[in-house]
Amino acid sequence: MNPFRNLRRRFSRTALTTIGISLAIALTVIMFSIGEGIKGSVYTLLEERGIEIYVYGGGQSPILPGLEFENGREIAKSMRENNSAIRAASPVLTDFLYCSILPNVSERKMIKGISVTGDVPELRGEFKGIRILKGKLLETESDPFFANGSYSAMQPKNFTYEIAVNDVLAESLKVGLNDTIYLSVDSKLSNPIPFRVVGIYESSFESLDVMSAYIHLSELQYIVKGEEILKRPDPVNVIFIDLYDEGRADDVKEWINEHYSLKAYTYNEISSEVGEIFESYETFSIVIAVVTSIVAFLFTATVMVMAVKERTIEIATTRAIGFSRGSVFKSVILESLLICIFGFIIGIFIGLAGSELLDWYLVEVNQGLPRGFDFTIITPIVILEVTGLTVLIGIASGILPAYRAIKLNIAETMKSE
Amino acid sequence: MTIIAVAISVSLLISMLSIAEGYRITSLRNIQKSKEDVLITAVGTAGISDGHNLSTALRNDVNITEASPILLPFDRVLSVTPLKDENRSSLVFSGGIIPKSQEKFLIDGKKLTIFDYFEVEFDDWFPTKEDKHFNNNYTGEWTSEALIDEILASNLGLEVGDKILISSVSIFDFTNVSEAHVFTVEGIFKTDLKGSGVLKIFQGFIVLHLSELQDILGGKYKDYDMISGLSLSLTQEKKGSGNVERIALDLKERYPYYQILTKKDKIRQVERETAMSNAVYMAIGIVALIIGLLFVISIMLMSIFERTNEIGVMRAIGISRKHIFTQIFLESLLIVLIGALIGLLPAYYGSILISNFISESYGIDMEFTAFTPELIARSMIEIVGIGSLASLFPAWRTMKIEIVEALRRVR
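So the sequence lines, in the order shown, correspond to chains A and B. The first sequence stops at residue 417 when you use the working numbering, and every number in between is there. The second sequence stops at residue 828 when you use the working numbering, and every number in between is there.
Please keep in mind that the hints were generated in silico from the structure rather than gathered at the bench. Any given hint could turn out to be false.
[Unchecked claim] The calculated label-pair distances, taken between Cβ atoms and stated as ranges, are:
| id | chain 1 | residue 1 | chain 2 | residue 2 | range |
| --- | --- | --- | --- | --- | --- |
| 1 | B | Ser571 | A | Pro194 | 57 to 63 Å |
| 2 | B | Lys528 | A | Asp251 | 47 to 53 Å |
| 3 | B | Glu538 | A | Glu126 | 23 to 29 Å |
| 4 | B | Gln449 | A | Glu276 | 32 to 38 Å |
| 5 | B | Ser571 | A | Leu384 | 21 to 27 Å |
| 6 | B | Lys501 | A | Asp251 | 34 to 40 Å |
Glycine residues also receive a C-beta, built at the ideal position from the N, C-alpha and C atoms.
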């Protein structure tokens, strides 16, 4: 009772069954890789960024936009001075503006809506999320327009006029270092302000569609808020906190929530919150994997039952010459397992290819995701899970036929044939 | 077991196809229902400036009966606190409209579809229809009227008539009330939004008069009279398709820096979006179906092998190869059909389950799958088609059986 020989004997049947199993395995690999991809990507991206705590102006969730809060710099300074675990506290404002390479443009294609972040370079700390390709992420370290705690004479000419753009924006407007681009609050560019490109960066946090730029905090505040910043000075959306020891993140977060009427989140909290949003993809994929596994199991089990039925004489003869029930049982199970293993080997390769394809597609469809975000990742865990599933299907589908094989009455069987 | 496997495969295929159909059908239905002939939005997310004046100018156009400005700042939240309980507050998304203009777009006098996706139903409307506060550069009278959604009302225990504090900045303590504006809840509206899954962070939605929202948000919203879009309704004679396209083209020339969308454009957008996702769902469904059919082929081959002797006898007594071919082919196809028909029932329940699941996880109370007669017909045709092809192989194999060899084979 050589399982290999038995499989070779009915080659087309074996081939069809193997193909069926390989498709089921491939689909399962793809589905399982979705869960790993999402969890892994979110965690890695946030961890790489180097920001341990995010402080918002209130909010019940770290992924909802938060309220703006005033006196961002003062609050950040107070945090730094009163908690020795804090290496840097960087107040940041982000808003959307329009930009163009010419001040007077009526051609719609020449105007781009972009996301602009304003911060103060010298307050940044060791944030690693941004890779500079050319120049600098702003040359002037301080924020001259807001020197000494007030906006100097409210005249734009006191601006540094420095801007750093991401590579997607640079490519789109065809600008390089020292070129000028104009920023305006409205799409008609009614008050265009010229900025000089001092740097081009590749941020791991920009999706391929969102073009973005960095300018000095007070300059952004003035452009977006106008005269209102005199009444409500220094508005920011968030303060990024960099710690000396990232293990202290939870402590410092609690401390901030106690001492300030703001809401702080650690990067762990954010990644689990974001992960939850994609839970639906995960559940969905597990359901599909389970259903196809059931079909694969039914397939293999039926084929094996029929295989055993075909070979009743052979099995009876084998038993008659002294082979034990145990060895017959094992032989059938092994045959079933072998089919599944062949299917597994082919299926893994198909699954790898399919998983890459699906990843590409999901990234295309979900615009606004950070670059470097993978929806599917094939990790050792995925391989392990699929291997386990294959073995389970192989053994389970062999049980019924193996049981039937050992239950054969040798004499009756040989007499009836 | 074969039939069960086919049934499972078929129900997975049909469920997948129904998801693909679902979103498409719902979006298209919403687009057709809408009273909006043309939508003007900004390129990117920054907004359209000079909203009030632009809407007045467009309303004066002979082809346009109404131009309603809408502000939906999705990158901003407002803080809402009940005056009767200042310890509770919610962060909510907001919308600003001019009631007199927007009410012309309500379907059945109450409903509005936002982004052609989810529905809002207003039982109560603003008492003051004009946007008075805009007069004299935002110094006109405040109506202080607000409409809130059910989720917000339930989170904060609010009823019609209650007073609330609204602010766009973080307030450290409420003694400084000048930072916050007092509004009265004039109505509670229903939305499809459930506050579950992806939208579990969704705390609620509040609608105010346009200029009052702009004033609260301040900055560019007030300095530039910023809005997110304009809904246009054309005169009755101009509603025909050719006219709409021409008017849209004219608007595109006048306002090249904005995006002008007609119903046709929106439909094209939905078709484009759903094409790719449909491909994925179909792929999953078809893989499942292929596995099921491989099963059928396998079983049929084994069955033919078992019946070689019988087939040999049939050939020996004069039954033609063609006849045997047809018999095996039909047998195989029958298994597929029975499995498919049985699979319809779990497919139906499966599609409801999936719809509820997606609804929970996206937080929108909507049907995400479409189990329509057309879908069933289409699926059955596909299954029969692919099933027929699959059935050809075992049938072809029987034709190759030689009579003598077959008769010689002892069971």
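Here is what the structure says about each hint:
The supplied range of 57 to 63 Å is broken by Ser571 (chain B) and Pro194 (chain A), whose beta-carbon atoms lie about 50 Å from each other. As the Cβ distance of Lys528 (chain B) to Asp251 (chain A) is approximately 51 Å, the hint placing it in 47 to 53 Å holds. Under the hint 23 to 29 Å, the C-beta atoms of Glu538 (chain B) and Glu126 (chain A), about 51 Å apart, miss the expected range. Restraint check, Gln449 (chain B) to Glu276 (chain A): a C-beta distance of roughly 35 Å satisfies the suggested window 32 to 38 Å.
Range check, Ser571 (chain B) to Leu384 (chain A): Cβ separation about 45 Å, and the 21 to 27 Å hint is violated. As the Cβ distance of Lys501 (chain B) to Asp251 (chain A) is approximately 37 Å, the hint placing it in 34 to 40 Å holds.
This entry does not satisfy hints 1, 3 and 5, going by the numbered hints stated previously.
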